[in-house]
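If you read the protein sequences in the order shown, they are chains A and B. Residue 1 is where the first sequence starts when you use the working numbering, and the numbers rise one by one after that. Residue 1001 is where the second sequence starts when you use the working numbering, and the numbers rise one by one after that.
Among the clues, some could well be false.
[Stated by the list, open to error] Restricting the straight-line Cα-Cα distance to at most 30 Å, the calculated cross-link-like pairs of lysine-lysine (BS3-like) are:
| id | chain 1 | residue 1 | chain 2 | residue 2 |
| --- | --- | --- | --- | --- |
| 1 | B | 1104 | B | 1235 |
| 2 | B | 1060 | B | 1250 |
| 3 | A | 51 | A | 83 |
| 4 | A | 119 | A | 90 |
| 5 | A | 159 | A | 51 |
| 6 | A | 51 | A | 119 |
| 7 | B | 1235 | B | 1101 |
| 8 | A | 159 | A | 83 |
| 9 | A | 135 | B | 1117 |
| 10 | A | 159 | A | 90 |
| 11 | B | 1250 | A | 135 |
| 12 | B | 1060 | B | 1117 |
| 13 | A | 119 | A | 159 |
| 14 | B | 1189 | B | 1104 |
| 15 | B | 1101 | A | 135 |
| 16 | B | 1104 | A | 135 |
| 17 | A | 135 | A | 119 |
| 18 | A | 83 | B | 1235 |
| 19 | B | 1250 | A | 90 |
| 20 | A | 83 | B | 1101 |
| 21 | A | 119 | B | 1235 |
| 22 | B | 1060 | A | 119 |
| 23 | B | 1250 | B | 1101 |
| 24 | A | 51 | A | 90 |
| 25 | B | 1117 | B | 1250 |
| 26 | A | 135 | A | 83 |
| 27 | B | 1189 | B | 1060 |
[Said to hold, decoys possible] Cβ pair distances, simulated, as ranges:
| id | chain 1 | residue 1 | chain 2 | residue 2 | range |
| --- | --- | --- | --- | --- | --- |
| 28 | A | 163 | B | 1301 | 32 to 38 Å |
| 29 | A | 81 | B | 1182 | 34 to 40 Å |
| 30 | B | 1034 | A | 81 | 43 to 49 Å |
| 31 | B | 1034 | A | 110 | 18 to 24 Å |
| 32 | A | 33 | B | 1035 | 43 to 49 Å |
| 33 | B | 1143 | A | 163 | 48 to 54 Å |
| 34 | B | 1034 | A | 25 | 53 to 59 Å |
| 35 | A | 97 | B | 1143 | 56 to 62 Å |
| 36 | B | 1082 | A | 163 | 28 to 34 Å |
| 37 | B | 1034 | A | 163 | 29 to 35 Å |
| 38 | A | 97 | B | 1158 | 55 to 61 Å |
| 39 | A | 114 | B | 1288 | 39 to 45 Å |
| 40 | A | 121 | B | 1129 | 28 to 34 Å |
Calculated directly from the structure, the hints in this document are not laboratory data. These figures come from a predicted structure and were not determined experimentally. Just so you know, even glycine gets a beta-carbon here, dropped at the ideal spot from N, CA and C.
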Amino acid sequence: MLRRSLRTQITTRVLTLSATVAVLLGATLILLIIAVTGQRDAGRIAFASQKALTLTSRLETSLFAIENGLRDYVERYPTRPLKPVTTLLKAYPGQQRALAQEVSGDPGQRARVTEIGVKINEYVIRATPLITLAKEDPEAARNQLFYTDTRDRVEALGKDLRDLADRERTLVAQRENHAEAQSTLAIAFGIGGLGLVLLVVAGGTLYLRRAVVRPVVSVAQATGQLAAGDLSTRVPASREDEIGDLARGFNTMADSLERGQAELERSNAELTRSNAELEQFASVTSHDLQAPLTTISMYAELLERRQAAGGEGAADLIDGIRGATRQARTLIRDLLEYSRAGRGDLTLEPQGAEVALDQALEALAGAIEATGAHVRVGSLPVVLADRSNLCRVFQNLVGNAVKFTRGDDPEVSIEARPDGTMWRFDVRDNGIGMDPDSTRRIFEPFRRLHGEDAYAGTGIGLAVCERIVEQHGGRIWVTSEPGAGSVFSFTMPAAQAPGGEPAASAPPPVTAAS
Amino acid sequence: MRALAPLLALLVALALSSCGGGGGAGSATRADTVPVRIGTKNFTESEILGELYKQALEAKGLRVDLQSAVGTTEVTNAALRDGLLDMYPEYIGVLLSEVDKIVKRPAGEQAAYRLAKGIEQRRGFTLLQETRLSNEDALAVTNAFARRSGVRSISDLARLRTVRLGAPPEFENRFEGMVGLRRVYGLRKVHMIAVNSNKGLEYPALENGGIDVGLVFTTDSRLAGGHFTLLRDPKGLFAVQHVAPLISRKALAQHGPILAATLNAVSALLTTPIMRVLNAEAVHTPVREVAAAFLHTHHLGA
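Taking the hints into account, I'd like the entire structure generated from these sequences.
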């Protein structure tokens, strides 16, 4: 993980680029320093060699002057001054040392200077005793002049020194050329290095533009689109670096926004629907409750009037009041039921639909018997549902089927079949049916297609069913035609995949909040 | 931190070297490396002696700067007195007569040594132990000349009308030279012709008649051939010439007892016959090799 991030992180790449530029700049700097040093060396070599050449010629002059002065002194003793010779004798070691310092570092040249030093020493040892000798015995000293080889030695030394100078000139020329060539080469490489630095910087900038700036700009544009409301905007997020992280973060945010938006729309629709429901509920409730209250009030007035007239026949009026009261109570009970339905916690557990249906049929036994309806039950599955709620759905649907019968021999059948991850239940009757336009409206609370006189009921049952089914994640609908009976269908989540092998163990109970 | 280590080492090394340069140890080392400066006169025998002393000292680990053929006795001795040399092998007779200008002959060879040593001691020099090698000056003629003129001794030269005498230039001014010949033997008609004796030109000059009489050294190997007659020296003008190293006492003090001990060990080996052999070898062998072979034989060489 660390290795991968090191390889791919933009930080790493930027660092690498910076390091490369730094190294290249450093190398270029070193090359330029070498170039300057080379130039300076060339100048210094030329200067030192000029000094060395001057010193060579000066030393040669000194030696010849010593030889000539010494001979002159001895030959014409005591007429000639000794001072020029002694001055030169004091001066030459300094010249010799200076020459040794200034001559080029070439080993051959140094060896030559050393050799010349030895020869000068030999010459001095042989020549200068003549001065002492001349003071003691001028005649003997003059005789020595005839015999001594000091002139040969001085001439040989002169030749050696000129040879040294020639070689020094050659060497210095070589060195100067070398230093200048080195300097030129270093300058060339330095300029090349600068060019390379420019190339790397330009390339790096282009690369960063492509690898960093453009993806960031695309994310920024996507953000703009997102802000403008296009929640489906996404950016490519395949990269394994910071840009990738940014893109993934953006996409996650967009997903979250989109989900939130959908959620909002859904709950908004829900709110609108429930608001409409509430409005209708209020009007229906006020209207439907008004009816028994008006009845009660009317009967009460009649009763009062009859009582005032001392008349009789109060019993039917009282029955009427009782009936209206019952009607109001029923209405209030159904209201309560409806308001409870789909509210509160559900205890979802695998439930045998057959058990729930049996319980419903038991409750409807009176009505079924009264109508003489024939109820047929198919093979029913196990679903994930709240038992009492499922029972309520069956009770309402079968109750309706039994209630809205047509003529003789009413029949009701209950069947189930798989529908994706759900089970679909069909409650079929051969009753009065309904206009297809009404198939949606009948699920609204207190919506009745018929007068209460024709069919009893408050019109709350289907609304309750819809609430329950939707709370379970299913849906409910009806297919019908007037006179051709109706099929009420609803879906419930399967306890296990429909048509699959039974689960080895039942899934754990799930508690869902409304 | 680790990168600093070489830097620190360098600094320490620099500090140590700069301290060492000023310390007493440095000057002691310098004294050890000062060479013994040996000079020789400008003829083969002196050069052989110089090489012998040089190589023996070097075998003992001393540094030697040998200046071969510095010049004549006068120049070589002046170089010693001027402080240009530390020592050179000297002939005691020459030292007394030519350098110290002592005309009166000492009673014997030992007396001459003691006299010369005493004089040199006062000047800041000394004579080390003398060799048994004696190279005397002598006058030689060809056997033919001797027969023709009947000359057998230096005194006989006075009988001749003119005599051409070949000798190195310094002979003109030496007592053991033209001065002595005139004073002691009364020779007036002898004319000196300067000859480069270092190149041994007396012998061919004698043979081709360029000179009548030549100054030779008694250790010269060319005398062994029997072509030449050495003239007798009845008045003892030419002194017995034992060799001894003439050395500055300052050099002796500077280099310690090893210097004198080594030079004495070489001197003890040298005799006149040995020197004649060495001279003979040096005619066709480089002086350096002659000396090396001799020292090797006597376990004093490298």
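Hint by hint, here is what the structure shows:
Restraint check for residue 1104 (chain B) and residue 1235 (chain B): the C-alpha separation of about 12 Å stays at or below 30 Å, so the hint holds. A hinted pair counts as satisfied when its Cα atoms are at most 30 Å apart, and residue 1060 (chain B) with residue 1250 (chain B) qualifies at roughly 20 Å. A hinted pair counts as satisfied when its Cα atoms are at most 30 Å apart, and residue 51 (chain A) with residue 83 (chain A) qualifies at roughly 27 Å. As the CA atoms of residue 119 (chain A) and residue 90 (chain A) are separated by approximately 17 Å, the hinted pair is consistent with the 30 Å bound.
The straight-line distance between the Cα atoms of residue 159 (chain A) and residue 51 (chain A) is roughly 19 Å, inside the 30 Å bound, and the hint therefore holds. A C-alpha spacing of about 22 Å is found between residue 51 (chain A) and residue 119 (chain A), which places the hinted pair at or below 30 Å, so the restraint holds. Annotation: proposed proximity of residue 1235 (chain B) to residue 1101 (chain B) holds, straight-line Cα distance about 18 Å (limit 30 Å). About 27 Å separates the Cα atoms of residue 159 (chain A) and residue 83 (chain A), which keeps this hinted pair within 30 Å; it holds.
Restraint check for residue 135 (chain A) and residue 1117 (chain B): satisfied, since their Cα atoms lie roughly 24 Å apart, inside the 30 Å limit. A C-alpha spacing of about 22 Å is found between residue 159 (chain A) and residue 90 (chain A), which places the hinted pair at or below 30 Å, so the restraint holds. Pair hint residue 1250 (chain B) plus residue 135 (chain A) holds up; C-alpha atoms about 25 Å apart against a cutoff of 30 Å. With a C-alpha separation of about 26 Å, the suggested pair residue 1060 (chain B) and residue 1117 (chain B) falls inside the 30 Å cut-off, and the hint holds.
A hinted pair counts as satisfied when its Cα atoms are at most 30 Å apart, and residue 119 (chain A) with residue 159 (chain A) qualifies at roughly 12 Å. Proposed proximity of residue 1189 (chain B) and residue 1104 (chain B) is supported: the alpha carbons are some 25 Å apart, at most 30 Å. At most 30 Å may separate the alpha-carbon atoms for a hinted pair to count; residue 1101 (chain B) and residue 135 (chain A) meet this at roughly 15 Å. This hinted pair checks out: residue 1104 (chain B) and residue 135 (chain A) have alpha carbons roughly 24 Å apart, not beyond 30 Å.
For a cut-off of 30 Å, the pair hint linking residue 135 (chain A) to residue 119 (chain A) stands: about 26 Å separates their Cα positions. Taking the CA atoms of residue 83 (chain A) and residue 1235 (chain B), the gap is near 46 Å; set against the 30 Å cutoff, the hint is violated. Restraint check: the Cα-Cα separation between residue 1250 (chain B) and residue 90 (chain A) comes to about 23 Å, which is no more than 30 Å; the hinted pair holds. Simply put, residue 83 (chain A) and residue 1101 (chain B) have alpha-carbon atoms about 29 Å apart, close enough for the 30 Å limit, and the pair holds.
Proposed proximity of residue 119 (chain A) and residue 1235 (chain B) is contradicted: the alpha carbons are some 44 Å apart, above 30 Å. Between residue 1060 (chain B) and residue 119 (chain A) the alpha-carbon distance is near 26 Å, which keeps this suggested pair within the 30 Å criterion. Between the alpha carbons of residue 1250 (chain B) and residue 1101 (chain B) the distance comes to roughly 24 Å, so the proposed pair stays at or under 30 Å and holds. This hinted pair checks out: residue 51 (chain A) and residue 90 (chain A) have alpha carbons roughly 20 Å apart, not beyond 30 Å.
For the given pair, residue 1117 (chain B) sits about 16 Å from residue 1250 (chain B) by alpha-carbon distance, which is consistent with the 30 Å threshold. Using a Cα cut-off of 30 Å, the hinted pair residue 135 (chain A) and residue 83 (chain A) holds, with the two alpha carbons roughly 14 Å apart. Taken as a hint, the residue 1189 (chain B) and residue 1060 (chain B) pair is broken in the structure, with Cα atoms around 53 Å apart against an allowance of 30 Å. The hinted range of 32 to 38 Å is satisfied by residue 163 (chain A) and residue 1301 (chain B), whose Cβ atoms lie roughly 36 Å apart.
Checking the proposed 34 to 40 Å range against residue 81 (chain A) and residue 1182 (chain B) shows it holds: the Cβ atoms sit about 35 Å from each other. One distance hint, 43 to 49 Å for the beta-carbon pair residue 1034 (chain B) and residue 81 (chain A), is violated here, with the actual separation near 34 Å. A C-beta distance of roughly 22 Å is found between residue 1034 (chain B) and residue 110 (chain A), which places it inside the suggested range of 18 to 24 Å. One distance hint, 43 to 49 Å for the beta-carbon pair residue 33 (chain A) and residue 1035 (chain B), holds here, with the actual separation near 46 Å.
Distance hint check for residue 1143 (chain B) and residue 163 (chain A): the Cβ-Cβ separation is about 51 Å, which falls inside the suggested range of 48 to 54 Å. For residue 1034 (chain B) and residue 25 (chain A), the Cβ-Cβ distance of about 56 Å falls inside the hinted range of 53 to 59 Å, so the restraint holds. The supplied range of 56 to 62 Å is met by residue 97 (chain A) and residue 1143 (chain B), whose beta-carbon atoms lie about 59 Å from each other. Between residue 1082 (chain B) and residue 163 (chain A) the C-beta distance comes to about 30 Å, which sits within the given range of 28 to 34 Å.
Checking the proposed 29 to 35 Å range against residue 1034 (chain B) and residue 163 (chain A) shows it holds: the Cβ atoms sit about 30 Å from each other. Checked against the hint of 55 to 61 Å, the C-beta distance between residue 97 (chain A) and residue 1158 (chain B) comes to roughly 59 Å, which is consistent with it. At roughly 21 Å, the beta carbons of residue 114 (chain A) and residue 1288 (chain B) sit outside the given window of 39 to 45 Å. Between residue 121 (chain A) and residue 1129 (chain B) the Cβ separation comes to about 29 Å, which falls inside the hinted range of 28 to 34 Å.
Of the numbered hints given earlier, the model fails hints 18, 21, 27, 30, 39; all others are met.
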